[in-house]
Amino acid sequence: MTAAEHGHGGGMPRRDFLIVATGTVAVVGAAAAVWPLVDSMNPASDTLALASTEVDLGPIAEGQSITVQWRGKPVFIRHRTADEIKQARATDAATLPDPMRDEERAPNAKWLVLVGVCTHLGCIPLGQKNAEPKGEFGGWFCPCHGSHYDTSGRIRKGPAPANLEVPKYTFLTDTKVRIG
Amino acid sequence: MSEMQLKNPMLRWIEYRLPIFSFIDHSVGSQYPAPKNLNYWWNFGSLAGIALVMQIATGIMLAMHYTPHADMAFDSVERIMREVNYGWLLRYFHANGASLFFLVVYIHIFRGLYYGSYKYPRELLWWFGLIIFVLMMATAFMGYVLPWGQMSYWAATVITNLFTAIPWIGVGITEWLWGGFTVGNPTLVRFYSLHYLLPFVIVGAVFLHLWALHQHKSNNPLGIDIKGPQDTIPFHPYYTYKDLVGLGVFLVVLFGFVFYHPNYMGHPDNYIPANPLQTPAHIVPEWYFLPFYAILRAIPSKLGGVIVMAASILVLFLIPWLDTSRVRSTKFRPVYRWFFIFLVIDVVLLGIVGAKPPEGIWILIGRLATLYYFLHFIIFMPFVGWFERPLPIPDSIHQPVLGAAVGAAAAGENKR
Ligand code: HEM
Ligand code: FES
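So the sequences go chain by chain: A and B.
Under the working numbering, the residue at position 80 of the first sequence is numbered 80, and the numbers go up by one with no gaps.
Each number in the working numbering corresponds to the 1-based position in the second sequence with 180 added.
These are computed hints drawn from the structure, not numbers from a lab.
Remember, it's a predicted structure, so these values are computed and weren't measured experimentally.
You may find that some hints are simply not true.
What the hints assert, rightly or not - Below, computed lysine to any residue pairings styled on SDA-like, alpha-carbon distance capped at 20 Å:
1) Lys157/A x Ile541/B
2) Lys176/A x Leu50/A
3) Lys73/A x Glu355/B
4) Lys73/A x Leu357/B
5) Lys168/A x Thr362/B
6) Lys134/A x Pro537/B
7) Lys129/A x Ile541/B
8) Lys157/A x Ala345/B
9) Lys73/A x Pro366/B
10) Lys157/A x Met234/B
Stated by the list, open to error - Each pair of labels, with its calculated beta carbon distance range:
11) Val38/A x Gly229/B: 32 to 40 Å
12) His249/B x Ala51/A: 50 to 58 Å
13) His249/B x Gly180/A: 24 to 32 Å
14) Ile487/B x Ala94/A: 27 to 35 Å
15) Leu172/A x Asp251/B: 43 to 51 Å
16) Trp391/B x Lys129/A: 38 to 46 Å
17) Ala94/A x Phe380/B: 54 to 62 Å
18) Ile521/B x Asn42/A: 27 to 35 Å
19) Trp391/B x Asp39/A: 29 to 37 Å
20) Ala30/A x Phe567/B: 47 to 55 Å
21) Gly29/A x His249/B: 34 to 42 Å
C-beta: ideal position from N, C-alpha, C; glycine also.
Generate coordinates for the entire structure from the input sequences, incorporating the hints supplied.
Structure (structure tokens):
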């Protein structure tokens, strides 16, 4: 190569620099072009907008549960019996697979609100109706791969790694709750 | 390539401009040399190709009547069954065809395992086969979601939830896959889009698979290389006709299911429309996923189960290097032959475990069978290859075929 092809001076030949610079811009550009394609698969604005659900707790008698739908997911609302509350609160949280105190999960002890989706692979646990199996800890039982949840919705046994999720909710009045 | 003798002037005109006839003749015709000793286990490759074409043909016709929407999909499939002319035939053909496609591919894979078809120089050929297998699983899974019955919905839920096991970003990835917070209409529509796309990606992968095949030609039951023209016969007419015989048997089996037991391999719960608020009491995947499902459930940890299940397929990519034997064909491997038989039993056992509820003795059997599966590939394959003394190998393919005695001397000096 002659000096003219190298451009002026030594170091990195000008052509190599141009190739690296062009290549870098092309890669960044391609990545920027791919993002809209990828992001188009994320939940759309109208899906995100289905944010909250209001529920009247009046008709739910002690020892009964109802299931409502929030963001397409089932939400369990249980009016717990004194026994269930006692059981949930007496358990030493530190010994659990996913340690959490019942006081944090249900500040208003009578009412337990849970996302009714098994934290293993997303089946809906049984136990909402009194005739259904409630598992070895008196809460819910997921038949898909055998996860047992207690009366606070905490995982006690089986393949699920975490407690049933407690969604964000607020009491609007004593008998009305807004989920989300 | 263009020395082809064509009598028809029209064909000659085309051939001169686009040498397509000689290309076909060199690919699957009289100019493609195949080992002369291929047995019926070698039918399953072309059979898989035909099954793929049949899935695409019936699928395209179904797509003309199917409605990809959560509120309408189930009814549109019922309409295909009751109102569309021959709709029942198309759907039963497509559903049972998918099952038999997997059966054919499983036999094809075990054929490769027995005769060492993954070994040098066919490693990439083997890889493309595995890639096709993975794409097929994705395609069949998404197809099964389309009728939007209870099994469709809950299979989609459980399988997509596997991604939530990934630390930190798992939930984000899963909601991205769903296009929402649960499996729902956006999920159904994108699965339909991909179910239409992936079979054509498979077609592309099949071309690469065949390209690699044609580079070193078919392996054969003896597992020795082609040494010259005396070892081969032309693919057409010999193997084209042999493959047709196999196709006849395949169609008899397929029609047996389609006309007499169309729902034998299905699950009755899939005739209940999807209900996002109720999981069926006992969910099982289609039979062809059962061994993997058993492996998933054998590990008592969510992330662990997903990793081990993925590893059960990934390990197959490594076997060209895990197998240390000098000979390809298990025919000449007195020790490994037993391990091969145990592997087949083990995979069938995993399939049985996958269909049982995970209780009592089945948990233990599932764990042992999973352990054995990995022991086979990671321990037995390399070690048996080192210690085993293979039987004498014939000198060439044509020798035993022509009935000449395989001299001990010839076998002794044979190097591979
Ligand atoms: C690799 C090839 C393919 C496989 C393994 C496959 C597998 C499946 C399976 C297992 C089902 C569910 C059947 C049922 O239970 O009803 C299905 C449904 C469906 N497939 Fe495919 N498929 C393939 C190719 C295609 C192609 C290329 C198309 C369209 C162009 C297609 C269109 C459909 C449609 C519309 C349905 C819904 C109707 C129904 O459920 O029968 N498939 N597929
Ligand atoms: S989904 Fe509940 S135990 Fe697997």
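Hints and how they fare:
1. With a C-alpha separation of about 18 Å, the suggested pairing of Lys157/A with Ile541/B holds against the 20 Å cut-off.
2. At most 20 Å may separate the alpha-carbon atoms for a hinted pair to count; Lys176/A and Leu50/A meet this at roughly 19 Å.
3. With a C-alpha separation of about 13 Å, the suggested pairing of Lys73/A with Glu355/B holds against the 20 Å cut-off.
4. At most 20 Å may separate the alpha-carbon atoms for a hinted pair to count; Lys73/A and Leu357/B meet this at roughly 16 Å.
5. This hinted pair checks out: Lys168/A and Thr362/B have alpha carbons roughly 17 Å apart, not beyond 20 Å.
6. Simply put, Lys134/A and Pro537/B have alpha-carbon atoms about 17 Å apart, close enough for the 20 Å limit, and the pair holds.
7. A distance of roughly 30 Å separates the Cα atoms of Lys129/A and Ile541/B; the hinted pair therefore is violated under the 20 Å criterion.
8. Between Lys157/A and Ala345/B, the direct Cα distance comes to roughly 18 Å. Compliance with the 20 Å bound is thereby established for this hinted pair.
9. Restraint check: the Cα-Cα separation between Lys73/A and Pro366/B comes to about 15 Å, which is no more than 20 Å; the hinted pair holds.
10. Of the pairs offered as hints, the one joining Lys157/A and Met234/B is violated, with about 46 Å between alpha carbons and a cut-off of 20 Å exceeded.
11. At roughly 33 Å, the beta carbons of Val38/A and Gly229/B sit within the given window of 32 to 40 Å.
12. The hint said 50 to 58 Å for the Cβ distance between His249/B and Ala51/A, and at roughly 24 Å that hint is violated.
13. A beta carbon spacing of about 26 Å between His249/B and Gly180/A agrees with the range 24 to 32 Å that was offered as a hint.
14. For Ile487/B and Ala94/A, the Cβ-Cβ distance of about 28 Å falls inside the hinted range of 27 to 35 Å, so the restraint holds.
15. Leu172/A and Asp251/B have their C-beta atoms about 32 Å apart, which leaves the hinted 43 to 51 Å range violated.
16. In this structure the hint that Trp391/B and Lys129/A lie 38 to 46 Å apart at CB is violated, the actual value being about 59 Å.
17. Checked against the hint of 54 to 62 Å, the C-beta distance between Ala94/A and Phe380/B comes to roughly 55 Å, which is consistent with it.
18. At roughly 49 Å, the beta-carbon separation of Ile521/B and Asn42/A lies outside the given 27 to 35 Å, and the hint is violated.
19. In this structure, Trp391/B and Asp39/A meet the distance hint of 29 to 37 Å, their C-beta atoms being roughly 36 Å apart.
20. In this structure the hint that Ala30/A and Phe567/B lie 47 to 55 Å apart at CB holds, the actual value being about 51 Å.
21. Gly29/A and His249/B have their C-beta atoms about 36 Å apart, which keeps the hinted 34 to 42 Å range intact.
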